[in-house]
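Engineer: Single-letter residue listing:
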Amino acid sequence: MSCPDWQRLTALRERDPDAEPPGWREALAHLDGCPACAAAALAADPLLVFRRLPRPAVREEEVAALGAEVLALVRAGRREARRPRRRGFWRGAAAAALVGAALLLEPGAGALRPGPGVTVAALAAEPAAPPLLDGLEASSARVYELGGDGLALVMVVDASLDV
Amino acid sequence: MSRSLPPASRPLAARKCIRLGCALGSWLLLVTAGLAGAQGFPSPAPRVLSSYTLTLRHQPTAEAVALVRTLLSPAGSVEVKEDGRTLVVRDELAALSRIVGALRSFDHPAAPVRLSVRLVWAGSPQIGFGGAAAGELDPELAGRLRRLLRYDSFVLLSETRLEAREGDEVAYEFRSGYQVRFRLGTLLAGQRLRLHDFRVSRTQPPADLIHTTVNLPLAQPLILGLTRDEGSASALLVVLAYEPLPGV
Chain B
1 MSCPDWQRLT ALRERDPDAE PPGWREALAH LDGCPACAAA ALAADPLLVF RRLPRPAVRE
61 EEVAALGAEV LALVRAGRRE ARRPRRRGFW RGAAAAALVG AALLLEPGAG ALRPGPGVTV
121 AALAAEPAAP PLLDGLEASS ARVYELGGDG LALVMVVDAS LDV
Chain Y
1 MSRSLPPASR PLAARKCIRL GCALGSWLLL VTAGLAGAQG FPSPAPRVLS SYTLTLRHQP
61 TAEAVALVRT LLSPAGSVEV KEDGRTLVVR DELAALSRIV GALRSFDHPA APVRLSVRLV
121 WAGSPQIGFG GAAAGELDPE LAGRLRRLLR YDSFVLLSET RLEAREGDEV AYEFRSGYQV
181 RFRLGTLLAG QRLRLHDFRV SRTQPPADLI HTTVNLPLAQ PLILGLTRDE GSASALLVVL
241 AYEPLPGV
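As given, the protein sequences belong to chains B and Y, one line each in that order.
Numbering-wise, our numbering puts 86 at position 86 of the first sequence, and it's gapless, one number per residue.
Numbering-wise, our numbering puts 15 at position 15 of the second sequence, and it's gapless, one number per residue.
Possibly wrong hints are sitting among the right ones.
Computed list of chain Y residues with no C-beta within reach of chain B, every gap over 12 angstroms [said to hold, decoys possible]: (1) T53; (2) H58; (3) D83; (4) V88; (5) R104; (6) P109; (7) A111; (8) P112; (9) E136; (10) L156; (11) D168; (12) Y172; (13) R181.
Chain B regions said to be covered by chain Y (calculated; three or more residues, Cβ under 8 angstroms) [claimed, not checked]: (14) 30-42; (15) 130-137; (16) 147-157.
Worth flagging that the hints you see were computed from the coordinates, not collected in a lab.
C-beta atoms are modelled at their ideal positions from N, C-alpha and C, and glycine is treated no differently.
Using the sequences and the hints given, assemble the complete structure.
Structural biologist: Structure below.
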């Protein structure tokens, strides 16, 4: 197969990401073995660099459950919008009084601080896991962390690397 | 008798009710403030900080300070005394209790570890690897790499297993013309090992490829790939793994 027109193919895919343009699979197979095509394909669509990453399977039930949750939220929002507002007076009064009392009667009033026993302590209990590589921030290298499949993988891409 | 408003006037009535409610709330707020002032409520108590002092016996001070900083609360601080080995940590009790536990576990005698370092050439079969291969790369690892990367061919250039202790400087020159150097950091809770001043260089002709700090996880090998650009037809992979050895 001769080298395909990557600009045309990626433009077709952008128009309809769900459909595969004619010759797409053959072009990908060709790309795997053609160093000349690698640069052209990535220039046309940089996301092709990730084309071999495993795609997590999403089951139909998960999609249906997600749809049902969204629908329930939309309905709840509509119900809330329809609710009569006769209790606005008591709500306003109670809210203002509660805020005032809370500000005045709490020790340490006025200061912003975490709520009772909250998550700040829990979050800080373990030091956050550091990145796999430290200290490349100042360099011109682009660093990709591609974890998965039981491996921690970091690709360092730099034009000055003569490996 | 129930009182109902015509539909058109409901929003206006509702807004009036809310305004009236807010006004009453503000009045209640003022009354509460007055009562509070009259009764003399105490002013907010300042945060109580406790301090903990530890003289490190085994592990480097800089790493201990770095560990403490990740655990401090916003009110906390850490100071190194003049001897360069004594840390004074001030913080709230909850944070301090975590820091004390972490520091005690951190300051252990230098532990031995076994490291495995492999150098792998990755490319496509069409390009082919021109040099001498040291052997076959573990097929399972090669399969996993194939799924993650755009390369099909993985050639093992060199491999070595090293035994060293935390804090040791390690330098190893491979026959394939590469050198790897680093200094072992401290094993953090047995789960992570820091490799300071991690350098990979080529010996012929001499050239530094990378200089960084590596945080090596225990559970899985770390693959460090080096390449010129995203579309490069080949890359050098450095496969690092470690295991703690008994004898601490």
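Engineer: Kindly indicate which numbered hints from before are broken by the structure, ordering the numbers from low to high.
Structural biologist: Going through the list in order, the structure violates no hint and respects every one.
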